[in-house]
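Q: Residue strings, one per chain:
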Amino acid sequence: MFGYYLDLAVRSFRRNRVLTALMVLALGLGIGASITTLTVLKLLSGDPLPHKSARVFAPEIDPLPADSTTKPADLWRGWGNIMSYTDAMNLLRAHRAERQAAMALTPVKVRPQQAGEHPFFSNGVMTTAAFFAMFDVPFEYGGGWSEQDGEDRARVAVIAAELNDKLFGGKNSVGQTVRVNDHDYRIVGVAGKWAPQPRFYAVSLGGRGYGDGDAVFLPLQSGSADKMNPQNVNCWQVADITSLETAPCAWVSLWVELESAADAGAYKTFLSNYVAQQISLGRFHHPEVALPDLADYLAQQQVVPSDARLQANLAFGFLLICVVNTVGLLLAKCLRRSREIGVRRALGATRSAIFAQFMIESAMVGVAGGVLGLVFAELGLWAVRHQPAQYASLAHLDLAMFALTFVVALIASLVAGLLPAWRACVVAPAPQLKAV
Amino acid sequence: MEIRPIISTLRRHKLTATLLTLQVAFTCAIVCNVAFMIANRVQQVSLPSGLDENVLSVIHSTGIGPDAETNPWAQHEADLAALRAIPGVESVVAVSYALPLNRNEWSSGTCPDKQALDRAMQVMSMHGTGCIDSSIYNGSPGLIPTLGLNLVVGRNFLPDEYVLGQKTPPVAIISQALAHRFYPGQDPLGKEMYNGAKSPIRVIGVVKTLLRPNLHGTGTNYDSIIWPQKPNSPGSDYVMRSAPQNRERILKAAKAALLKVNPSRIINPKYTQTYTQIRAEYFQRDTTMIGLLIASALGLLFVTALGITGLANFWVGQRTRSIGIRRAIGATRGDILRYFQTENFLIVTFGVVLGVLLSIGLNLLLMQHYELPRLPLWYLPVGAGMLWLLGQLAVLAPALRASRVPPVVATRSV
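Protein chains in written order, with our numbering: chain Y, 291 to 726; chain S, 78 to 491.
Pulled out of the complex, with its shape left as it was, chain S reads as follows:
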């Protein structure tokens, strides 16, 4: 295929060709960055929590009145028994309020050993001392199997290790991420952590994954600790395990059961949810954003394809006569088809080259204003390939129309 005639034609349509090139370049820049943003958000939204989310549901209850304060744990025990009796509930535990992704966080500076604690106490700050701000979860016995946490090292809590309410327990289970940060290259079992100036807390187990109630940023999202501590305040979250399809029914039954045990309480409908809903709510903004980003990327590609088809159509119309002449002096249909395809390929190539530079520039701008990471370079060839494909698809119909121009057109005067 001879490229020279195509270039000389494009030279005569400098302005339109430039505009199309610019449009392809802008589209390439925006779509590459938008695709990267989508990938980031999708990764965020699908962060594993470590829980068997599809079999869990949560109901929150707060006792009211003077009796609520006197012995909350006794109330929780009665509630747990009532919830366990609901058909379909496999197990149920009570936690104070913190659960992965429910935004109710109890985080506290925890030190891996006594030396770190002393350093922290001395400078009255955790910074640079080895102590880490970690999320603390508590719950009644059975928390680990009910949530479906994967205990990779060590053992679960023993019944006599549980403490009530505000007390600090003697032992704890930590997440694998925290174990790596606290004791790199060492066996975490038997290590003694410190939380404030109190007595040490011995590590007796490690769970594989346990996400925090709020995301704090890559590298710290999994710094969590489980305490064998029974909730002992009027408010509590009950986590129920059941078959996925039973969850909605069980939540309704749970509300009725709790009100039957003791009507003087508030069951906030906002916090009566399946775990699927908790996750969806936490990431609601991100999912909306993903939808918008996808829609705008598709919209951009559509508009650009429209532009290419539109222009190609005009060019075919404008050049009908010259196409006829070419056909008359021996060009085949395939030659004409390839001519328009090559022309489009050239324009898109110019656009893509410019677009790659623009993408990098736009990414730098976004990194400055929206804390977006650097665009991985492989997005650029993929984006370029996509635009080439889009260009070829968009130009196909007009190019086919051109190839069907009969040679006899050359003999007609207009």
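Here chain Y stands alone, though its shape is the one from the complex:
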């Protein structure tokens, strides 16, 4: 039966070639636009640490002065988990979480050792020892530095594989030195490919939200001693920013990894106690603390650009209109075929057979629309990749999206076919035959 319905559908399409083509084109456009924007949205709202995002938390405290008349909650929520060096170090050294790391981003000048090579700027991260284990950074050679190295302000560094290729031709460079901001840093490790998307740890530090990983990692204390400038400094009082370690400025972010998500309550209590203690010392004035997990933190920081969401909504609006359009055209087409339906009914076809026939016809429009939609989606993503946006190079259609295209296409066309098919199957055969 199925084959016969297919044959009937093809015949019906042949009779109205232009109209069928336009229907498929409209549906394809709608599906292509939806899949393109959905792919981008999915890419932008991905989970950067899939295995442990529920156990990684961002402690947030409020250092603002007591009588700041603006709504402080809004202000410090906007800052996210950045805090002063003093507070970050106090919380870090308390060792109340399984792992904890403080960090800041800094642009670094790297000068190659070979003669004739020009120096260049690279992206640096000043951080503490647990960064690599907490964020699952893989190593090609060597490893991270120890906590003691950090406390000693040792000039040690981890470089990314890409920089290692550029400076040392990809060979094991552990033990060599890299010249960073006119200081020699000893390489202790070469990190493998590591670029979580979104770059959650960079968001509150003034870094890009998406894109390539960073090139140089060095101890926070050492970088600070060598006067490397953090990318984002927020001061809440008139401050001497030449001595950032003691200034009333937030520029270090803190992340903690807990043994399980259930420990968040205990850590939050510790955080509250710390803030209470600082209030009694006169340093702090607001007792509010927050401890969002990674997903909540990304939502709170509004990492996904609102344009991407707007585009997706727009694409679905477009698809909706395309579907309404298809319903109208299919309906008109099927009403015109009342006589054919009457003949089929009179010859013994049941209502469900007529219904099935028309649903198969619209499903075929859907599948064709899906194939065309896939072409449009690939075109759309190709266009996205050629945009100078941060996430451009990551926009690719994956298998799940490929499958989703057809699911969307089939659902859209079946929804569109429902009403015409129903109208077709309730056609009373007798009047149609009488007219002949």
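These are calculated hints, taken from the structure and not from any lab test. Any given hint could be a false lead.
[As the list claims (entries may be wrong)] Derived pair list, reagent style DSSO-like, types lysine-lysine, alpha-carbon separation capped at 27 Å: (1) S:K329 to Y:K456; (2) Y:K399 to S:K285; (3) Y:K517 to S:K268; (4) S:K347 to S:K329; (5) Y:K456 to S:K337; (6) S:K332 to Y:K399; (7) S:K191 to S:K268; (8) S:K347 to S:K337; (9) Y:K483 to Y:K461; (10) Y:K342 to Y:K399; (11) S:K332 to Y:K724; (12) S:K332 to Y:K483; (13) Y:K517 to Y:K456; (14) S:K347 to S:K332; (15) Y:K456 to Y:K399; (16) S:K332 to Y:K456; (17) S:K191 to S:K275; (18) S:K347 to Y:K399; (19) Y:K461 to Y:K399; (20) Y:K456 to S:K347; (21) S:K191 to Y:K517; (22) S:K275 to Y:K517; (23) S:K285 to S:K244; (24) Y:K399 to S:K275; (25) Y:K456 to Y:K483.
[Stated by the list, open to error] On the chain S side, residues computed to face chain Y include the following (Cβ under 7 Å): (26) L99; (27) I343; (28) P346; (29) Y348; (30) G368; (31) F391; (32) M444; (33) Q445.
[What the hints assert, rightly or not] Chain Y is nowhere near these chain S residues, computed Cβ spacing over 12 Å in every case: (34) P143; (35) E167; (36) I213; (37) P222; (38) R362; (39) G376; (40) G394.
Each residue gets a CB set at the ideal place from its N, CA and C atoms; glycine is no exception.
Knowing the structure of chain Y, use the given hints to seat chain S on it.
A: Just chain S now, kept in the frame of chain Y:
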């Protein structure tokens, strides 16, 4: 034209007519809002900066090595001389890093007078004190003519008013927007501003327009101040003025000239740009969005026109016989044409009425989620007019086909 027969026909095609009405309504709602979004973005993208952007280009250089820190200004002077010698360069200035739309902002709370400063110091906040977070620009002598800023009141800086590096100068030039916010209804010249707890800064001039390095929102985008301060750190931006067509060549020559003066520096190709590129880069997301919005609006209109034409075609086919009968009993071709046009007009009108309500609803939704302003009401009649026109254009071909149905069809049995 008799409307009753049209209505009674439409009643018999309730479902299809409703679907078409719905499609027109959705299209009207989306297209009105999309058009409004496009207008907003276009306005954003074309915000004037106050600079002669089409004659400016910028090159960034950072000195490295131990010598770079010792006397950066001397290095900048040597660099400026070398850049000035490039044929085609009319003038060149050095700025620390901040320029309109280049995202490198130096903003600082500035108070219009001593009382405001005292209030701000007391509550340790600028809120409600009259002090305003403003962007500060600096640069070597000649900044105002090189950038092409329009000095509307007062005078330019004198050579002895310039300070070096981190020092605060005694005088400043402010933007007209900031002058209005600081000293409403007063003459800003000679007023003393305060930046932190230091000595006062006297206002000696007002420039008409000067956009900030980052946009902060309507009403604060032009709060800028120029300090007579020569850059004195290893990194600096050099702004060169030249004929528009020479800019690309001059940027290449500038890189070579700077490396010749002193090779131990980094010239980041990312920050070697004409001003046109700086603006394009700043608004890159908006321009992409404008393109997408236009494409989707056109796509929607196209699909809707397609729907109208398709349906009208079917209706003409379905009614060939009745059209023939009408022609046979005296209807002219024009009558038939007008019949289909009126029918379309009625459907689109229903759709537009519903669409206007939907537009307002959609706008309220967008205002909630995307900080879009309220849709000006005049968009609605314009949108409605456009859909009427679209409907008439889409129905024209099928209606003409209908009008060509010969009366003899009435006598044929199918």
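Q: Look at each hint and say if it fits the structure.
A: Verification of the hints:
Of the pairs offered as hints, the one joining K329 of chain S and K456 of chain Y holds, with about 25 Å between alpha carbons and a cut-off of 27 Å not exceeded. Pair hint K399 of chain Y plus K285 of chain S does not hold up; C-alpha atoms about 39 Å apart against a cutoff of 27 Å. Our distance criterion of 27 Å between C-alpha atoms is broken by K517 of chain Y and K268 of chain S, whose separation comes to about 38 Å. Distance check on the hinted pair: K347 of chain S and K329 of chain S sit about 13 Å apart at the alpha-carbon level, within 27 Å; holds.
Taking the CA atoms of K456 of chain Y and K337 of chain S, the gap is about 25 Å. The hint holds against a cut of 27 Å. For a cut-off of 27 Å, the pair hint linking K332 of chain S to K399 of chain Y stands: about 18 Å separates their Cα positions. Only pairs whose Cα atoms come within 27 Å are accepted, and K191 of chain S paired with K268 of chain S is accepted, the gap being roughly 10 Å. Proximity of K347 of chain S to K337 of chain S is assessed by CA-CA distance (about 20 Å); at most 27 Å being required, the pair is judged to hold.
About 15 Å separates the Cα atoms of K483 of chain Y and K461 of chain Y, which keeps this hinted pair within 27 Å; it holds. For the hint pairing K342 of chain Y with K399 of chain Y, the CA-to-CA distance comes to about 33 Å; that exceeds 27 Å, so the pair is violated. About 88 Å separates the Cα atoms of K332 of chain S and K724 of chain Y, which puts this hinted pair outside 27 Å; it is violated. The straight-line distance between the Cα atoms of K332 of chain S and K483 of chain Y is roughly 33 Å, outside the 27 Å bound, and the hint therefore fails.
At roughly 26 Å between alpha-carbon atoms, K517 of chain Y and K456 of chain Y fall within 27 Å of each other, so this suggested pair holds. Our distance criterion of 27 Å between C-alpha atoms is met by K347 of chain S and K332 of chain S, whose separation comes to about 13 Å. A hinted pair counts as satisfied when its Cα atoms are at most 27 Å apart, and K456 of chain Y with K399 of chain Y qualifies at roughly 14 Å. Restraint check: the Cα-Cα separation between K332 of chain S and K456 of chain Y comes to about 23 Å, which is no more than 27 Å; the hinted pair holds.
A threshold of 27 Å between alpha carbons decides the hint, and for K191 of chain S with K275 of chain S the separation of about 11 Å falls inside it, so the pair holds. Between K347 of chain S and K399 of chain Y, the direct Cα distance comes to roughly 15 Å. Compliance with the 27 Å bound is thereby established for this hinted pair. Of the pairs offered as hints, the one joining K461 of chain Y and K399 of chain Y holds, with about 22 Å between alpha carbons and a cut-off of 27 Å not exceeded. Using a Cα cut-off of 27 Å, the hinted pair K456 of chain Y and K347 of chain S holds, with the two alpha carbons roughly 19 Å apart.
A distance of roughly 34 Å separates the Cα atoms of K191 of chain S and K517 of chain Y; the hinted pair therefore is violated under the 27 Å criterion. Using a Cα cut-off of 27 Å, the hinted pair K275 of chain S and K517 of chain Y holds, with the two alpha carbons roughly 25 Å apart. A distance of roughly 26 Å separates the Cα atoms of K285 of chain S and K244 of chain S; the hinted pair therefore holds under the 27 Å criterion. Annotation: proposed proximity of K399 of chain Y to K275 of chain S is violated, straight-line Cα distance about 34 Å (limit 27 Å).
As the CA atoms of K456 of chain Y and K483 of chain Y are separated by approximately 14 Å, the hinted pair is consistent with the 27 Å bound. Hint status for L99 of chain S relative to chain Y: holds, with the closest Cβ pair at about 6 Å, below 7 Å. Look at I343 of chain S: its Cβ gets to within about 5 Å of chain Y, closer than 7 Å, so that hint holds up. Hint status for P346 of chain S relative to chain Y: violated, with the closest Cβ pair at about 10 Å, above 7 Å.
A hinted interface residue such as Y348 of chain S counts as satisfied when its beta carbon comes closer than 7 Å to some beta carbon of chain Y; here the least separation is about 10 Å, so the hint is violated. Taking 7 Å as the C-beta contact cut-off toward chain Y, the hint placing G368 of chain S at the interface is violated, the least distance being around 9 Å. Interface hint status for F391 of chain S: upheld, as the beta-carbon distance to the closest one in chain Y is roughly 4 Å, under 7 Å. A hinted interface residue such as M444 of chain S counts as satisfied when its beta carbon comes closer than 7 Å to some beta carbon of chain Y; here the least separation is about 13 Å, so the hint is violated.
Interface hint status for Q445 of chain S: violated, as the beta-carbon distance to the closest one in chain Y is roughly 12 Å, over 7 Å. Not every CB of chain Y lies more than 12 Å from the CB of P143 of chain S, the least distance being 7 Å, so the non-interface label is violated. Its beta-carbon lying about 30 Å from the closest one in chain Y, E167 of chain S satisfies the requirement of being farther than 12 Å from that chain. Listed as a non-interface residue, I213 of chain S keeps its Cβ farther than 12 Å from every Cβ of chain Y; the least gap is roughly 15 Å.
Distance to chain Y confirms P222 of chain S as a non-interface residue, since its nearest Cβ pair spans about 32 Å, more than 12 Å. Distance to chain Y contradicts R362 of chain S as a non-interface residue, since its nearest Cβ pair spans about 6 Å, not more than 12 Å. At roughly 6 Å, the least C-beta separation between G376 of chain S and chain Y is not larger than 12 Å, which violates its mark as non-interface. At roughly 7 Å, the least C-beta separation between G394 of chain S and chain Y is not larger than 12 Å, which violates its mark as non-interface.
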